[in-house]
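Asker: Chain residues, written in single-letter form:
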Amino acid sequence: MADFIQQLVEGLGSGAIYASLALALVLIYQFTGIVNFAQGELAMFSTFIAWSFVQAGVPFWLALILTLAVSFLGGMAIERIVIRPVEGAPELTLVIVTLGLFILVNAAAGWIWSFLIKDFPSPFPESALHLGGVSLNYSTLGVLGVVAAVMGVLYALFRFTKIGLAMRAVASNPASARLSGVRVGRVLALGWGLAATVGAVSGVLVAPVLFLEPNMMGGVLVYAFAAATLGGFDSPLGAVVGGLVVGVAETLAGAYVGAIGSDLKIGVPLAIIIGVLLVRPQGLFGRAAVERA
Amino acid sequence: MNGTRTPTAAPAARAPRTRRAVLKPQGVLLAVLLVAACVAPFQLVPFRVFQLTMVLVYAIAVLGLDLLVGRTGQISLGHGGFFAIGAYVAAVLLDRWDVPYPLTLPAALAVTFVLGFALGIPALRLRGLYLALVTMTIAIFLVPLLKRFESLTGGSMGLTLTKPDAPAWTGLAQDQWLYFCVLLVTGGATLAVAGLLRSRVGRALAAIRDNEAAAEVMGVRLSRYKTLAFAWSAMLAGAAGCVNTWVIAFVSPDSFTSTLSIMLLAGIVVGGLGSLYGPLLGGAFVFFMPTMSQGINQAAPGVISGLLIIVIMYVAPTGLAGLAGRASAARLARKK
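As given, the protein sequences belong to chains W and D, one line each in that order.
Residue numbers for the first sequence follow the working numbering, so the first one is 1 and each next one is one higher.
Residue numbers for the second sequence follow the working numbering, so the first one is 1001 and each next one is one higher.
No lab work stands behind these hints, which were simulated from the structure alone.
Incorrect hints may have been included.
[As the list claims (entries may be wrong)] Computed cross-link-like contacts, EDC-like style, restricted to lysine to aspartate or glutamate with a CA-CA straight-line distance of at most 20 angstroms: (1) D:Lys-1147 <-> D:Asp-1254; (2) D:Lys-1163 <-> D:Asp-1095; (3) W:Lys-265 <-> W:Glu-10; (4) W:Lys-265 <-> D:Glu-1150; (5) D:Lys-1147 <-> W:Asp-263; (6) D:Lys-1147 <-> D:Asp-1095; (7) W:Lys-265 <-> D:Asp-1254; (8) W:Lys-118 <-> W:Glu-213; (9) W:Lys-265 <-> W:Asp-3.
Okay, chain W solo, but in the shape it has when bound:
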C-alpha cells in the first residue's frame, strides 16, 4: 500500500509538469485557436537560458525570474514575427508554421548550446520527508508547489485584473472584444508571452529529472498533448486535471503493468489520446464545438 501511495505521489509530481506545459498549450489555443507544436521546444529553449544564467553565477531563483521575463518577451516577439503574418490562415498552414518553429528552435538550441547532455541544478533539497511508510521527495513537493503557485497567479490574473478581463473577452469573441475597444493584437501577443512563461516553468522543473538537451521536451510534449486532450483544449482547469491524471496513469502503468515497463510508457498518452477522441472528443471539461458553415 505504501508503495502504491509512493507511486501515486511521484505520478502527481510528473503530472504537475505535464500540467504546466498543457496549460501553456491551452492558453494559446484559447486565444488563437492554434495548437502550438513548438511549445515544448520554446520551454526547452527557456531552460537553456536559465542554465546559462546559472552557469554565469546568478543565484537560481533570480535566474528563474530573469528567464521567465525573457520567455515572456520572447513569446510576445514570436507571436508578432512568426504567427501574426499567418493569422486567420487555414489550420493546416498554422500547424505547419508551428512545426517549422519546432524544428528551428530545436536546432537553434543545438547550435548555440550543442547537443551534449547537461546537468541542471534542482532548486529543492535532495532529502525526503517521511510520512508513514511513504517518503516524499522535497523535489516532488516543490514541483507541486510551484505549479500550484503558477495556477494561482494565472487564476488571479484572469479573474481579478482588467487585463485578464480583456483576455477573456478576446478568447470568447475577438470581434466583439475589438468593438468594445480591446486591443486584440496586443492581447494575443500577451497570450503567447504568458504561455511561453508557463511553458518555461515546466521546462525548468523537468530539466533536473530528464537532464538538459535540445530533445528534452519531445516526450513531455506528447504527455502535455494527452493532458490537454483529456481535459479539453479549451479548458485551463481541464489541462491541469488532465496533466495530473496522465502523470499518475503513466507512473502506475510503468510500475505495475509488466508489459509496459519503463520503455513503452510513451504508449500511455497515446492510448489516452485515442481513447478520449473515441469516447468524448471534447475532453472532460471542454465544450463540444458546433460548426457553422
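With the hints as your guide, set chain D onto chain W.
Answerer: Coordinates of chain D only, in the frame set by chain W:
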C-alpha cells in the same frame, strides 16, 4: 445549383483550359525527364546512382504525404512511422522467411494500408489537428516498440540483409538494377495517384480540402474519403519504406525517429503542396539537404528546414513546384 457546386466544379472547370494550353510543354518536360531517368544510371558513377535511387525512394513517401496534405488538406506527422513499418515488413520477411524480395512490396502495402485505415478511423472523424497529434505520438511510440520485439526486429541493432542482385539476363550492375526497380515503383505510384486524382475520388478529396462543410452538403462522405486518403497515403509511405529496405539492406529503429516524419513534411512543403513535381523535388530535399548542410554544423539541417518551412508558408504556400507553375500561369495570362 451552380453555387453549391463551386468547390468541386472550380478545379474541374480550370482543368481543360490548362490542359489545352500547357499540354505540350508539360508533355515535353515529362518525356525529357523520363529519358534522363533511364539514361542516368549508365552515365553516372555508382555512388551518384545510389543518391538518385534514394531521392526516388523519398519521393514515393512524399507523394503519399502529398496525397494527404496537399490534396485532402489533412496533416500527418507520423509518415516516418509508416515508412518504418514498410521497411520492417520487408526486412522481417526477407530475414525470417527468405521471401523473394519483389513479394515484400505487396506485403508492405497491405500491412501499411490496413494500419493506416485502422488509425484513420478514430483520428479522422475529428478535426485535422487531432490527426497531427495522434500520428506524431505513434511515430514516437514506434521506436521503443520496435526495440521491444527483439526476436523479430533485431532490437536496437536492427537487421542486416543482403542486397538483391540483378538477374543475369539484364546485364546490369546491382546499383543500376536497384535504381530501375525503385524507378518502376515510383513511376507506378505516381501514375496511380494521378489516375486517382483525376477520378471522382480526386474531386471529392479536393472538395474536402477546400471546404469540408460544403463537401459534406454535396454528398461527399467525409469520414470515408478522409480515412481512405489516410490509408492510401500511409500505404505509399510503406511502399517507400519497403524499397528503402531493398536499397539500403539494413533497418534499425533509430533510422526512423520522428525527425524522418518531420523531414518528409518539410519535403512536401518545400517541394510544393498539391503539385505534380512537388514530390520529386521534395524527395531531393529530404535526401540532399541534411547531407549537404551537415558540414556547416550538426544543427544546420534543422535550422535550414525550419526557416524554409516558415518562409515558404508565408511567401509561396505552393512550394518550389508552385513557383514554377505560377510563373507559367503569369506568362499565359500575359499572352491573353
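Asker: Would you mind marking each hint as holding or not holding in the structure?
Answerer: Do the hints match the structure? See the list:
Taking the CA atoms of Lys-1147 (chain D) and Asp-1254 (chain D), the gap is near 9 angstroms; set against the 20 angstroms cutoff, the hint holds. With a CA separation close to 12 angstroms, the supplied pair Lys-1163 (chain D) and Asp-1095 (chain D) stays within the 20 angstroms bound. A threshold of 20 angstroms between alpha carbons decides the hint, and for Lys-265 (chain W) with Glu-10 (chain W) the separation of about 15 angstroms falls inside it, so the pair holds. With a C-alpha separation of about 18 angstroms, the suggested pair Lys-265 (chain W) and Glu-1150 (chain D) falls inside the 20 angstroms cut-off, and the hint holds.
The straight-line distance between the Cα atoms of Lys-1147 (chain D) and Asp-263 (chain W) is roughly 9 angstroms, inside the 20 angstroms bound, and the hint therefore holds. A hinted pair counts as satisfied when its Cα atoms are at most 20 angstroms apart, and Lys-1147 (chain D) with Asp-1095 (chain D) qualifies at roughly 16 angstroms. Between the alpha carbons of Lys-265 (chain W) and Asp-1254 (chain D) the distance comes to roughly 18 angstroms, so the proposed pair stays at or under 20 angstroms and holds. Taken as a hint, the Lys-118 (chain W) and Glu-213 (chain W) pair is honoured in the structure, with Cα atoms around 6 angstroms apart against an allowance of 20 angstroms.
With a C-alpha separation of about 19 angstroms, the suggested pairing of Lys-265 (chain W) with Asp-3 (chain W) holds against the 20 angstroms cut-off.
In this structure, none of the earlier numbered hints is contradicted; all agree with it.
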